[in-house]
Amino acid sequence: MTSVAELDRATVGDLVFVVDQKRLAALAGCEASVAIVPAELAAAAHAEHGLPTIGVADPYLAIAAVLEKFYPLAPATHGVHAGAFVAETAVLGDGVVVAAGAVIDTGANVGDRTEVGAGTYVGPDVVIGADCLLHQNVTVYPGTTIGSRALLHAGAVIGADGFGFARAAEEHMKIPQVGGVRIGDDVEIGANTCVDRGTLSDTVVGSGTKIDNLVQIGHNCLIGSNCTICALCGLSGSTVLEDGVVMGGNVGTAGHQVIGAGSMVAAKSGVHGDVSAGSVIAGMPHLDVRVWRRVVGALAKLPELLRRVRRIERRLDEPHEE
Amino acid sequence: MTSVAELDRATVGDLVFVVDQKRLAALAGCEASVAIVPAELAAAAHAEHGLPTIGVADPYLAIAAVLEKFYPLAPATHGVHAGAFVAETAVLGDGVVVAAGAVIDTGANVGDRTEVGAGTYVGPDVVIGADCLLHQNVTVYPGTTIGSRALLHAGAVIGADGFGFARAAEEHMKIPQVGGVRIGDDVEIGANTCVDRGTLSDTVVGSGTKIDNLVQIGHNCLIGSNCTICALCGLSGSTVLEDGVVMGGNVGTAGHQVIGAGSMVAAKSGVHGDVSAGSVIAGMPHLDVRVWRRVVGALAKLPELLRRVRRIERRLDEPHEE
Amino acid sequence: MTSVAELDRATVGDLVFVVDQKRLAALAGCEASVAIVPAELAAAAHAEHGLPTIGVADPYLAIAAVLEKFYPLAPATHGVHAGAFVAETAVLGDGVVVAAGAVIDTGANVGDRTEVGAGTYVGPDVVIGADCLLHQNVTVYPGTTIGSRALLHAGAVIGADGFGFARAAEEHMKIPQVGGVRIGDDVEIGANTCVDRGTLSDTVVGSGTKIDNLVQIGHNCLIGSNCTICALCGLSGSTVLEDGVVMGGNVGTAGHQVIGAGSMVAAKSGVHGDVSAGSVIAGMPHLDVRVWRRVVGALAKLPELLRRVRRIERRLDEPHEE
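Residue numbers (numbering that gives the first Met the number 0), protein chains in the order written: chain A, 0 to 321; chain B, 0 to 321; chain C, 0 to 321.
Calculated directly from the structure, the hints in this document are not laboratory data. Fair warning: this is a prediction, and the values are worked out from it, not measured in the lab. C-beta: ideal position from N, C-alpha, C; glycine also. Be careful, since some hints might not be right.
Lysine-lysine pairs mimicking DSS-like chemistry, simulated, CA-CA at most 27 Å apart [stated by the list, open to error]:
(1) A:173 with B:68
(2) A:68 with C:173
(3) B:173 with C:21
(4) A:300 with C:68
(5) C:300 with B:300
Simulated restraints, written as ranges between beta carbons of each label pair [said to hold, decoys possible]:
(6) B:168 with A:12: 51 to 59 Å
(7) C:69 with B:272: 43 to 51 Å
(8) A:57 with C:57: 28 to 36 Å
(9) C:255 with B:50: 54 to 62 Å
(10) B:78 with A:170: 30 to 38 Å
(11) A:68 with B:306: 53 to 61 Å
Covered, in the sense of this in silico footprint (three residues per stretch, anywhere, with C-beta under 8 Å from a C-beta of chain C), are these stretches of chain A [stated by the list, open to error]:
(12) 17-24
(13) 32-39
(14) 96-109
(15) 131-137
(16) 156-167
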């Protein structure tokens with residue numbers, strides 16, 4: 000096997016993936032040398048399309064494992080670039096890589112083998128664990144702690160001030176944001192995503208949580224472990240996500256609320272108030288997804304419904320002519 | 000008093016805050032040494048929970064004032080870092096701080112005591128007032144003027160081109176964006192927020208206005224004083240916000256419209272057409288908030304309503320059997 | 000003529016534009032020396048308001064052409080800044096400009112006269128065409144190819160990992176994202192916009208497509224030519240936009256779907272499933288725009304409709320008294 004390819008462009012020597020029955024037909028005429036398919040389809044796939052198949056329990060897990068073998072991350076080739084700025088009081092672990100234009104400020108502590116990309120800023124006294132990868136132009140404010148194996152994509156901003164003001168007459172008086180940010184192990188944070196610092200205590204992102212691009216995490220949010228938050232979501236201040244919550248894109252939360260463990264929130268929902276564990280919700284404002292589906296199914300009939308009710312009223316108001 | 004803490008983790012020596020009656024119960028068992036509470040609750044709080052209380056008119060204002068005393072901003076400790084790039088024709092006021100990797104381009108003028116963070120770019124002829132703080136990796140395009148005491152968070156982009164094209168057959172022809180951006184005093188601009196330059200004249204952000212993270216301000220917008228714009232809002236070109244408008248998160252405006260002074264726009268609303276001063280609106284497309292509340296209250300009943308109307312129709316069509 | 004001005008602030012020597020009949024009245028008392036107006040209004044405008052007029056077929060095209068003449072882009076004045084970092088194996092074309100703090104990594108190839116702004120990072124082996132302008136603090140990951148005359152605004156991130164994970168029990172296993180990004184000619188990409196790399200093959204942005212600020216383009220999206228995508232849109236993975244699609248702001252797509260050529264999607268829509276060419280859609284979830292308009296027109300009447308149906312039911316349940 001020389002490489003991994005998509006079904007519609009595979010040639011001899013390629014390994015391909017079929018994730019479900021629906022895509023099985025695409026094996027017809029596919030020139031790939033081997034296909035990984037769901038175990039229950041393996042025999043049929045081989046019989047029908049001829050090429051060797053490997054049956055697996057979960058093709059997505061197999062893809063993850065195979066791609067990691069085929070495309071290992073290139074090890075970074077240098078330590079601290081001459082064009083990087085590392086404060087004298089900063090502490091760098093073994094094998095740390097700091098690219099040109101990166102700045103590691105006073106008292107910061109960067110763990111073994113962690114890589115800091117070009118133009119990335121690590122603020123005073125920030126603590127970053129081992130084997131992290133901070134891409135380019137990331138900003139980490141002081142008061143931030145990051146675990147091990149975290150992956151921060153370009154332009155991410157960790158620890159900017161929460162959005163908190165008191166109103167004095169017409170004007171705003173800034174409420175100083177003196178809490179920090181605590182990020183667990185194995186967290187991924189997307190490009191240009193923002194995680195604000197807490198007001199008094201820390202904003203927290205639990206281990207194993209994955210956050211997509213352009214997401215806003217407000218001050219004092221407490222995000223559990225192994226959550227998934229898709230692009231353009233906005234979590235208002237003090238939103239609590241228990242473990243394993245999954246959010247589609249562009250969801251908003253009202254803040255000061257708890258979204259229970261394992262809940263799923265459909266894209267573009269607006270979540271107000273607490274949500275019990277295991278809920279599946281959708282809509283703005285949110286409803287149980289089954290109710291929401293019936294509502295949106297009925298919506299297109301609303302104009303016609305108005306006419307029907309008018310017709311009934313007219314009929315009832317007419318003098319009986321029977 | 001040694002520090003300020005949240006109610007649920009305060010210990011001896013801590014000052015805590017209670018913002019409303021609802022949170023008063025949390026004082027039970029709280030080890031804090033003193034509590035700031037709304038004036039009307041001070042006596043009761045002391046009687047019930049024992050600890051010393053200070054009654055204030057607005058606890059949020061008190062928080063703002065107290066935190067500023069407890070956590071004063073550390074004064075920046077150096078002037079222009081050796082790793083900063085300042086053009087010969089740039090003018091820096093007294094006490095200006097420019098961090099490593101920052102670039103101040105030709106003819107730019109930076110006011111007294113203003114701090115420019117690592118990796119931040121200040122374009123040619125930009126004018127920035129006194130006592131501003133530009134965090135890291137901010138980009139300020141030429142044609143921008145910023146007042147005093149402005150706070151720009153990391154990754155903010157001021158003055159990128161407005162999104163304006165003419166259609167020539169199938170293709171786009173770019174309309175050059177030759178206006179600038181004018182930002183008043185005491186403005187806060189969130190992380191990765193974008194304020195586009197005007198087409199011919201300037202995009203304006205009035206004094207005292209606070210903008211959260213990941214907000215898009217389109218070309219030629221005119222934003223008044225003391226407005227509040229939460230995360231992920233998108234103001235289309237030529238939107239006018241009069242003074243004191245408050246916008247929840249992820250609001251969109253259609254552009255070429257006026258939102259009157261002091262209006263409040265609920266999160267995720269889509270605003271089309273002018274909105275009179277003092278309005279409170281919600282929904283996509285927006286409605287008066289009272290109407291909107293009744294509509295969303297009724298929405299979940301829509302599928303059942305369809306069934307009820309069908310039942311009535313059937314009944315009316317049935318031969319009378321009385 | 001000395002400059003171009005807006006109608007309400009033009010003085011002697013200025014050229015002004017009138018784009019439609021509605022704005023014609025603004026010529027009254029306007030001190031401009033000449034007005035460009037739609038051809039069919041030119042004679043009337045001159046007769047009524049006295050000032051010289053030039054009739055054109057499309058005022059927006061005329062604006063684009065005139066502004067380009069009045070405000071030519073200043074040619075960049077230097078080559079590679081001493082404070083830029085260019086890898087030895089990188090190849091720069093004639094007249095390339097690299098600003099202070101920019102990093103061009105190993106094996107990257109930058110075309111003639113392309114300008115790379117301060118703090119911008121061009122990753123290993125990236126290929127960029129001629130006459131491009133990359134503003135400040137842009138990040139281009141390895142695996143990216145960009146055509147000629149592309150314009151990338153500050154903070155844009157091209158090629159960050161797509162958001163793909165397999166679930167192993169409670170945990171996420173990252174699916175390596177080993178595809179790249181291919182961007183055509185004459186593409187504009189807004190400030191802080193993110194275009195993710197593909198999983199196996201490339202994410203593609205076709206020539207002439209214009210993308211506004213803070214947009215998220217997910218992995219494996221295939222975007223055609225001459226599309227327009229407004230701010231804060233989020234295209235989920237494997238969304239296909241055929242040529243000439245126009246999207247208002249903050250639209251979301253569900254992913255794995257085709258939006259047909261020339262379709263128009265209203266702001267804040269949520270698009271699920273395929274959309275045939277030439278469609279005009281709106282709403283979340285989306286409807287044909289005509290249906291959607293009737294639905295939102297009817298929505299405000301829903302609470303009253305509930306009451307009307309209750310009245311009918313009560314009436315039908317009452318004993319007949321006629």
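Right, here's what the structure says about each hint:
{"no.": "1", "hint": "A:173 with B:68", "in the structure": "holds, 13 Å"}
{"no.": "2", "hint": "A:68 with C:173", "in the structure": "holds, 13 Å"}
{"no.": "3", "hint": "B:173 with C:21", "in the structure": "holds, 24 Å"}
{"no.": "4", "hint": "A:300 with C:68", "in the structure": "violated, 53 Å"}
{"no.": "5", "hint": "C:300 with B:300", "in the structure": "holds, 14 Å"}
{"no.": "6", "hint": "B:168 with A:12: 51 to 59 Å", "in the structure": "violated, 44 Å"}
{"no.": "7", "hint": "C:69 with B:272: 43 to 51 Å", "in the structure": "violated, 33 Å"}
{"no.": "8", "hint": "A:57 with C:57: 28 to 36 Å", "in the structure": "violated, 55 Å"}
{"no.": "9", "hint": "C:255 with B:50: 54 to 62 Å", "in the structure": "holds, 59 Å"}
{"no.": "10", "hint": "B:78 with A:170: 30 to 38 Å", "in the structure": "holds, 32 Å"}
{"no.": "11", "hint": "A:68 with B:306: 53 to 61 Å", "in the structure": "holds, 56 Å"}
{"no.": "12", "hint": "17-24", "in the structure": "violated (count 0)"}
{"no.": "13", "hint": "32-39", "in the structure": "violated (count 0)"}
{"no.": "14", "hint": "96-109", "in the structure": "holds (count 3)"}
{"no.": "15", "hint": "131-137", "in the structure": "holds (count 3)"}
{"no.": "16", "hint": "156-167", "in the structure": "violated (count 0)"}
Violated hints for the displayed structure, listed by number in ascending order: 4, 6, 7, 8, 12, 13 and 16.
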